[in-house]
Amino acid sequence: MAYTEEELKKELETKEYEYGFYTDIESDTLPVGLNEDIVVAISKKKEEPSWMTDWRLKAFKAWKEMEEPEWANVTYQKPDFQAISYYSAPNSKPKYDSLDEVDPELLDTFKKLGISLDEQKKLTGVAVDIVIDSVSVATTFKKTLAEKGIIFCSISEAIKEHPELVQKYIGSVVPQKDNFYAALNSAVFSDGSFCYIPKGVRCPMELSTYFRINQAGTGQFERTLVIADEGSYVSYLEGCTAPSRDENQLHAAVVELIALDGSEIKYSTVQNWFPGDKNGKGGVFNFVTKRGICEKNAKISWTQVETGSAITWKYPSCILKGDNSIGEFYSIAVTNNYQQADTGTKMVHLGKNTRSTIISKGISAGKSQNSYRGLVQVSSRAENARNFSQCDSLLMGNECGAHTFPYIEVKNKTAQIEHEATTSKIGEDQIFYCNQRGINTEKAIALIVNGFSKEVLNKLPMEFAVEAQKLLEISLEGSVG
Amino acid sequence: MLKINNLHAGVEGNEILKGINLEVNAGEIHAIMGPNGSGKSTLASVIAGKEEFEVTEGNVLLDGQDLEDSAPEDRAHKGIFMSFQYPVEIPGVSVTNFMKTAINESRKARGLEDMPANQMLKLIREKAELLEIDRKFLSRSLNEGFSGGEKKRNEIFQMAMLEPKLAILDETDSGLDIDALRIVANGVNKLKSKDNAVIIITHYQRLLDYIVPDYVHVLHEGKIVKSGTKELAHELEAKGYDWIKNGAVV
Amino acid sequence: MDLKDKLVSSFLAFESKVDVEHPVHDIRSEAIKNFEDKGFPSKKAEAWKYTSLKGLQKIDFSIFPKEVNALEYKEVKKFFLHEIETYKIVFIDGIYSSFLSETTHDGVDICLMSAALTKPMYKPVIDVYFNKIASKDESLTTLNTAFSREGAYIYIPKNKMPKKPIEILHFSTGNETSLMLQPRNLIIAEENAELQVIERHQSLTSNEVLTNSVTEIFAAENAIVDYYKVQNDSKAASLIDNTYINQKDKSVVKVHTFSFGGKLTRNNLNFFQNGEHIDSTMKGVTILSDKQHVDHHTLVHHIEPNCESHQDYKGIYGENSTGVFNGKIIVDKIAQKTNAFQKNNNILISDKATINTKPQLEIFADDVKCSHGCTIGQLDEEALFYLQSRGIPKKEARALLMYAFANNVLESVHIPELKSRINKLIALKLGVRLGFDL
Numbered sequence: 001m002a003y004t005e006e007e008l009k010k011e012l013e014t015k016e017y018e019y020g021f022y023t024d025i026e027s028d029t030l031p032v033g034l035n036e037d038i039v040v041a042i043s044k045k046k047e048e049p050s051w052m053t054d055w056r057l058k059a060f061k062a063w064k065e066m067e068e069p070e071w072a073n074v075t076y077q078k079p080d081f082q083a084i085s086y087y088s089a090p091n092s093k094p095k096y097d098s099l100d101e102v103d104p105e106l107l108d109t110f111k112k113l114g115i116s117l118d119e120q121k122k123l124t125g126v127a128v129d130i131v132i133d134s135v136s137v138a139t140t141f142k143k144t145l146a147e148k149g150i151i152f153c154s155i156s157e158a159i160k161e162h163p164e165l166v167q168k169y170i171g172s173v174v175p176q177k178d179n180f181y182a183a184l185n186s187a188v189f190s191d192g193s194f195c196y197i198p199k200g201v202r203c204p205m206e207l208s209t210y211f212r213i214n215q216a217g218t219g220q221f222e223r224t225l226v227i228a229d230e231g232s233y234v235s236y237l238e239g240c241t242a243p244s245r246d247e248n249q250l251h252a253a254v255v256e257l258i259a260l261d262g263s264e265i266k267y268s269t270v271q272n273w274f275p276g277d278k279n280g281k282g283g284v285f286n287f288v289t290k291r292g293i294c295e296k297n298a299k300i301s302w303t304q305v306e307t308g309s310a311i312t313w314k315y316p317s318c319i320l321k322g323d324n325s326i327g328e329f330y331s332i333a334v335t336n337n338y339q340q341a342d343t344g345t346k347m348v349h350l351g352k353n354t355r356s357t358i359i360s361k362g363i364s365a366g367k368s369q370n371s372y373r374g375l376v377q378v379s380s381r382a383e384n385a386r387n388f389s390q391c392d393s394l395l396m397g398n399e400c401g402a403h404t405f406p407y408i409e410v411k412n413k414t415a416q417i418e419h420e421a422t423t424s425k426i427g428e429d430q431i432f433y434c435n436q437r438g439i440n441t442e443k444a445i446a447l448i449v450n451g452f453s454k455e456v457l458n459k460l461p462m463e464f465a466v467e468a469q470k471l472l473e474i475s476l477e478g479s480v481g
Numbered sequence: 001m002l003k004i005n006n007l008h009a010g011v012e013g014n015e016i017l018k019g020i021n022l023e024v025n026a027g028e029i030h031a032i033m034g035p036n037g038s039g040k041s042t043l044a045s046v047i048a049g050k051e052e053f054e055v056t057e058g059n060v061l062l063d064g065q066d067l068e069d070s071a072p073e074d075r076a077h078k079g080i081f082m083s084f085q086y087p088v089e090i091p092g093v094s095v096t097n098f099m100k101t102a103i104n105e106s107r108k109a110r111g112l113e114d115m116p117a118n119q120m121l122k123l124i125r126e127k128a129e130l131l132e133i134d135r136k137f138l139s140r141s142l143n144e145g146f147s148g149g150e151k152k153r154n155e156i157f158q159m160a161m162l163e164p165k166l167a168i169l170d171e172t173d174s175g176l177d178i179d180a181l182r183i184v185a186n187g188v189n190k191l192k193s194k195d196n197a198v199i200i201i202t203h204y205q206r207l208l209d210y211i212v213p214d215y216v217h218v219l220h221e222g223k224i225v226k227s228g229t230k231e232l233a234h235e236l237e238a239k240g241y242d243w244i245k246n247g248a249v250v
Numbered sequence: 001m002d003l004k005d006k007l008v009s010s011f012l013a014f015e016s017k018v019d020v021e022h023p024v025h026d027i028r029s030e031a032i033k034n035f036e037d038k039g040f041p042s043k044k045a046e047a048w049k050y051t052s053l054k055g056l057q058k059i060d061f062s063i064f065p066k067e068v069n070a071l072e073y074k075e076v077k078k079f080f081l082h083e084i085e086t087y088k089i090v091f092i093d094g095i096y097s098s099f100l101s102e103t104t105h106d107g108v109d110i111c112l113m114s115a116a117l118t119k120p121m122y123k124p125v126i127d128v129y130f131n132k133i134a135s136k137d138e139s140l141t142t143l144n145t146a147f148s149r150e151g152a153y154i155y156i157p158k159n160k161m162p163k164k165p166i167e168i169l170h171f172s173t174g175n176e177t178s179l180m181l182q183p184r185n186l187i188i189a190e191e192n193a194e195l196q197v198i199e200r201h202q203s204l205t206s207n208e209v210l211t212n213s214v215t216e217i218f219a220a221e222n223a224i225v226d227y228y229k230v231q232n233d234s235k236a237a238s239l240i241d242n243t244y245i246n247q248k249d250k251s252v253v254k255v256h257t258f259s260f261g262g263k264l265t266r267n268n269l270n271f272f273q274n275g276e277h278i279d280s281t282m283k284g285v286t287i288l289s290d291k292q293h294v295d296h297h298t299l300v301h302h303i304e305p306n307c308e309s310h311q312d313y314k315g316i317y318g319e320n321s322t323g324v325f326n327g328k329i330i331v332d333k334i335a336q337k338t339n340a341f342q343k344n345n346n347i348l349i350s351d352k353a354t355i356n357t358k359p360q361l362e363i364f365a366d367d368v369k370c371s372h373g374c375t376i377g378q379l380d381e382e383a384l385f386y387l388q389s390r391g392i393p394k395k396e397a398r399a400l401l402m403y404a405f406a407n408n409v410l411e412s413v414h415i416p417e418l419k420s421r422i423n424k425l426i427a428l429k430l431g432v433r434l435g436f437d438l
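In order, the protein sequences belong to chains A, B and C.
Going left to right, the first sequence walks through residues 1 to 481 as our numbering numbers them.
Going left to right, the second sequence walks through residues 1 to 250 as our numbering numbers them.
Going left to right, the third sequence walks through residues 1 to 438 as our numbering numbers them.
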C-alpha cells in the first residue's frame, strides 16, 4: 500500500536532525552578558589594533539605542542578549601544519558532516577555511591562492595583516548602525572570512567556508568581507550545519560584498542550521545581514538554499550603484514543522542600465510559515533599469502558510519591471504518475520539489548543487503531497 | 500472466466495473474496446493501482499473485506499465532525470545497484532512436509544453526504457496524427516479445491496423459483453457501438 | 488647532444635531474614542507607507457647512449620466438635495441614510447591517462612523431589481473655503437581488475639499452588485474612500474604480467572502498628471472554500504624479479550491512620476490557485512608430496605445452609456479628441 497522509506526516516528524551531534571540545569562553568591557575584551583577545576596538565600541553604542525589529512575519521569544556568551574559541588554538595535528575529535566531526578535509583537498580543489566556534583552525590551499595574489583568510588575520583593506571596506556596505543585528554583530563579531581578489584575477577555485555553532549558549557572530577588485571574479561558497540543541542559539552574521568595476562575485549559501524539533523546540535564530555593492559593470549573484533554522531573517541584497551593473538573487527556502522564514532580497537600482533578476522558490510544509519579502527600487536617475522577479510557493499540507510581500518602488519612466508570483501544490495525479513508473511517493515528492526548485539549483556550483538536493530531500522527506 | 476475476470497482460508492473477467497470457495482445464511459480507463487505472478506485469484489492476479495490497510503485516494479491517456506535467524534471529515477528505483526494488551512467546513456540513445525522438527533447521538462503526439511518444519511450511485462496502453492513439501513430505502433511492435503482453485500450479500430491484436474484447457498462478475434474490431468499426449496446440489452 | 483636535471637539457640536438616544449613537461614541486614540495614520504605518495625510491635516477644514446651498440642474447636468434614466441620490456640501434627487420606495428603498438612521421602520435593517463590516479599528473608518449621519441608503429585497441604475452624487459648491465631508452609505442586496450603482464626488470650484467616505455593501445569496466609482474630481479635492463588502454564497460583486482627477485619493476596497462559490472582481484604471496622488489598497479575504477573486488595475502616470497599488489576498486555511488572481500593470510617462506597488499574498490553504503579476514599463516604441507611419500623429498614437493598455478594464463595464462616458474622460485626460468607442 502507498503511504497515507498520516503515515507520511509521522515519519517526517520522527526524522531526527541528521547532523544532530555535539562535539566535546574544551572552549575558552568569556562570561555571559554584554557591555563595553566585553566588547573591549573581545577586541583584546583577538589582539586587534585600536581603530578596530573603537569601531566595535561605536557599533555597541549604536546598538544600545536600537530596538529589535518587529516587522518581519515571524514570532518568537526574543533572545536575552545578556544571557549569551559573546566569545568562545576552541582550546587547541594554534594553527597546524598538517591535518594530523588537528584534534581528532574535531576531524571526526567533520567526517560526520561529510567534509573530510583530505578528500576535499584531493578531490574538489576547494580551499576550505573552517570556522568552528568563531576561530578558524585550519586553512588549506592558501599557497595556491597566494601565488595569484588572492587573500583568503580569517577576518581576524586580515585585521592584523591587511588593515588598510579592512579599514577601508568594513562597514562600507553594511554600516554599524544599519540594523539591530548588524550593529550587534559589528560590536561583538568573533571571526569570519576575508577575501580579496586583485585586479583582473579570476579566482581559480571555489572558495568555501563552513560554519558551525558548537558551544552551548554561544552566539555566533560571523563577519565576512569579500572584495573583488576591478575586473576580477570569485565564486564563494558558504555552507553550514549545526548540532542539535534544546535552547535557542542566536546567529547574527554580516556579509559584505564589494564588487569593483567590471568584477563579478558569486556567493552561494546552503544553510542547514538546526531547525528545532518537531514540536518547534530549540533551533537556531538566523538573523543575517547580507549586502553587496556593485560598481560600474560589476555583477553580484546571490544563490541560497535555506532549509534550516527555527527563524530565518535574511535578505541578501544588491546595491546597483555603477552603470550597467547586475544583481541576481536565486533562492530556495524550505520550511517544515514549526520553522519560520522571512527572506528575500532588495535590489536597489541607482546606476544606468542596471539589471536585476529575482527567482524565489518557497516550499512550506508542516506547521511552518514561509514569507518572501522583496524590494525592487528604481531611483529617478537609474535610466533603463530592468528587473524580473518571480516568486513561486509550493504548499505541502494544510497547516502551513506561504506569504509574499514584494515592494516595488519606481521613480524612473524608462524602468521595466515584471513581477510574477504563483502558489501551487503537488498534484495527486503527479504522484500517481511517478508511482506508476515505479517511483515511491517520498521519492516522487523529492523529484517534484527538485523540479520546482530547478532554476535555482542550476545556479549553484556543481558540488554544492548535489549537497543542496540532498538537503531538500532530507528537509521534506515524507511530506504530504 | 494477468488474470482478472469478477472484478467490481468504483469510485465513491459508484460502481463502474461490474464483474470483469479477463485472462492475458505472455506473448498476447489484447484490445479492449468500448464506447465512452464503458469503464475502459477505469479498468486500466485499477490494474495500475490508482487509489481513488475502490475494488469491492473480485481480484486482479499477476503471475498468480493478488495485487490488492500492492502500491502503484510495487506494481510497476512487478512489471506493469500504463501509458496514460493524459500524461501529467512535472515542471523542472527532465525526461532523462525522470527515467533515471524510475529505472533505478525499480532496480533497487529488485536488489540491484543503480544502472551505471554510461549504460543508462546507451539505453536512452537506443530507445530514443526506436521512437524517433530527438535527444534535445529528453532534456525538456516532463510533458510540459509537449504536443499531444509528443506526450504519447514519450509514454511509449518510457515503456521501451522500463521494458514491462505487461503494458496497458490507455487511448494511446487519441490525439495522434498518422505519422505519430505509425511511429508509436512501430515502437510497440518492436518491443513485443513472447515474454510480455500488451493491453490496448481504445475507442477506435484505427490503432489496431498497426498493432494487430490476438483478442478483442468489447466493454459495455462495466462488463465485457463480447470477445473475439481481430475481426470483431472490424465488425465494430462497420456497425458502430450501437450494435453491441442493443445486443447487450437483448 | 490641528485637524484631529478640531474633529474630536466638533463631535460635541455634532451631538446636538443628532438623536443621542438612538442605539446608533453608542456606535458613534465608541468610534470617536477609537479615532481619538489613533488619530490620522502616519507614514510609519505599513498601510500608509506611501501616502501622507500630513498636508491635508494642516488645512483648516470646516466640519459642517454654514448654510444650505442649492444648485441648478443645468449647472451640474454634465456630471450625471444624463443620457439614460437613473435614480439619483444627490448631496450638496453634504446635505441632501431633494430638488436634484430622484429616490424611490417602490418595492425597493433608494433613499437617505439620515432617514434610515432615524425612522423606526428602518431600525430592524440598521440593527442588522449598520457598521457590521466597516472596521471598528481603522482610524479613518471610525472617524466616519463617529460622524455618520447622511449618505445613500439602498435596500433591494429578495428577487428584486431596481428599474434603472442608481447614481450617488456629492457636489461641493465651494461656498466654504475648505470643507470636509463624511458621507456614509449602506447598500444591501438581498437574495437574488441585483443593482447597479455609480458613485461620484464632484467639487465645483478650486477650494479645498476632503471627503472621508465609508460604504458598506452586503450581497446576500446569488445577489449581483455592480458598483462604479468615477473619480474625476477637481485638483483641490481629496478623497479617502473606504468600501467594505460582505458577500454570501454565489453572490457576484464587481467594483470598477476610475481615477483620473483629484489631488489625493486613497481607495480602501475590502472584500470579505463569507460563503462559497463567490465571485469578487475589482478593476481600476488610473490616469494621473500634475502632482496627483492615487493609492489603491485592496483586500480580498477568502474565508470559505470554492471562491474566486479577480483583480486588474491599470495605471498611467504622468508629470509629477504618484501611484500606489497595494493588493492583499488572504486565503484562510479552510478556503480550499480558492482561485485568486491579481494583475497590476503600470506605465510611467514622465521622468518625475513614481509608482509604488506591493502585491501581497498570504496563503494558508494548500489546494488553491493564486497568482499575481505586476509590470512597470513604457509604451511600445515600435507600436508607436507603426501608428505614426500610418499617419496618426504622435500624441494621438500615444493616446491610442494608452487607451488600448487600459481597455480590458473597460470591457466589463455593463452600462454602455457609462462606458462611453469613461472613454470620453480618458480621451480628455490624455488630451486628445479621439472617439475611442468607434
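Since the hints were derived computationally from the structure, they do not count as laboratory data.
All of these numbers come straight from a predicted model, not from anything done at the bench.
Hints may be right or wrong, so weigh each one.
To be verified - The following label-pair restraints were derived from C-beta to C-beta distances: (1) C:K158 x B:E237: 53 to 59 angstroms; (2) C:K6 x A:S380: 47 to 53 angstroms; (3) C:K132 x A:D429: 41 to 47 angstroms; (4) C:F385 x B:G240: 26 to 32 angstroms; (5) A:R202 x B:D177: 47 to 53 angstroms.
Said to hold, decoys possible - Partial pick of chain A residues on the chain B-facing surface, computed with a CB cut under 8 angstroms: (6) Y169; (7) S172; (8) P175; (9) R437; (10) I439; (11) K454.
As the list claims (entries may be wrong) - Negatives, chain A to chain C, calculated, CB over 10 angstroms: (12) G33; (13) D37; (14) Y76; (15) A402; (16) P406.
Just so you know, even glycine gets a beta-carbon here, dropped at the ideal spot from N, CA and C.
Verification of the hints:
Between K158 of chain C and E237 of chain B the beta carbon distance is about 57 angstroms. The supplied range of 53 to 59 angstroms therefore holds. For the pair K6 of chain C and S380 of chain A, the supplied restraint of 47 to 53 angstroms is violated, since their beta-carbon distance comes to about 37 angstroms. A hinted range of 41 to 47 angstroms holds for the C-beta pair K132 of chain C and D429 of chain A, which are about 43 angstroms apart. Range check, F385 of chain C to G240 of chain B: Cβ separation about 59 angstroms, and the 26 to 32 angstroms hint is violated.
Checked against the hint of 47 to 53 angstroms, the pair R202 of chain A and D177 of chain B passes, with Cβ atoms roughly 52 angstroms apart. With 8 angstroms as the threshold, the beta carbon of Y169 of chain A stays out of range of chain B, its nearest partner Cβ sitting at about 38 angstroms, so the hint is violated. Nearest Cβ of chain B to the Cβ of S172 of chain A: about 38 angstroms, over the 8 angstroms cut. The hint is violated. Taking 8 angstroms as the C-beta contact cut-off toward chain B, the hint placing P175 of chain A at the interface is violated, the least distance being around 39 angstroms.
Annotation: interface hint on R437 of chain A holds; nearest CB of chain B at approximately 4 angstroms, less than 8 angstroms. Satisfaction of the interface hint for I439 of chain A is found here, the shortest Cβ-Cβ separation to chain B being roughly 5 angstroms, below the 8 angstroms cut-off. Look at K454 of chain A: its Cβ gets to within about 4 angstroms of chain B, closer than 8 angstroms, so that hint holds up. With a cut of 10 angstroms on Cβ distances, G33 of chain A stays outside the contact zone with chain C, its closest approach being about 33 angstroms.
For D37 of chain A, the non-interface assignment is confirmed: its Cβ lies about 36 angstroms from the closest Cβ of chain C, beyond the 10 angstroms cut-off. Y76 of chain A, annotated as away from the interface, keeps every beta carbon of chain C farther than 10 angstroms; the closest lies near 19 angstroms. Not every Cβ of chain C is farther than 10 angstroms from the Cβ of A402 of chain A; the closest lies at roughly 5 angstroms, contradicting the non-interface assignment. Distance check on P406 of chain A: its Cβ comes as close as 6 angstroms (rounded) to a Cβ of chain C, failing to clear the 10 angstroms threshold; non-interface status is violated.
Figure legend: structure checked against the earlier numbered hints; hints not met, in rising order: 2, 4, 6, 7, 8, 15 and 16.
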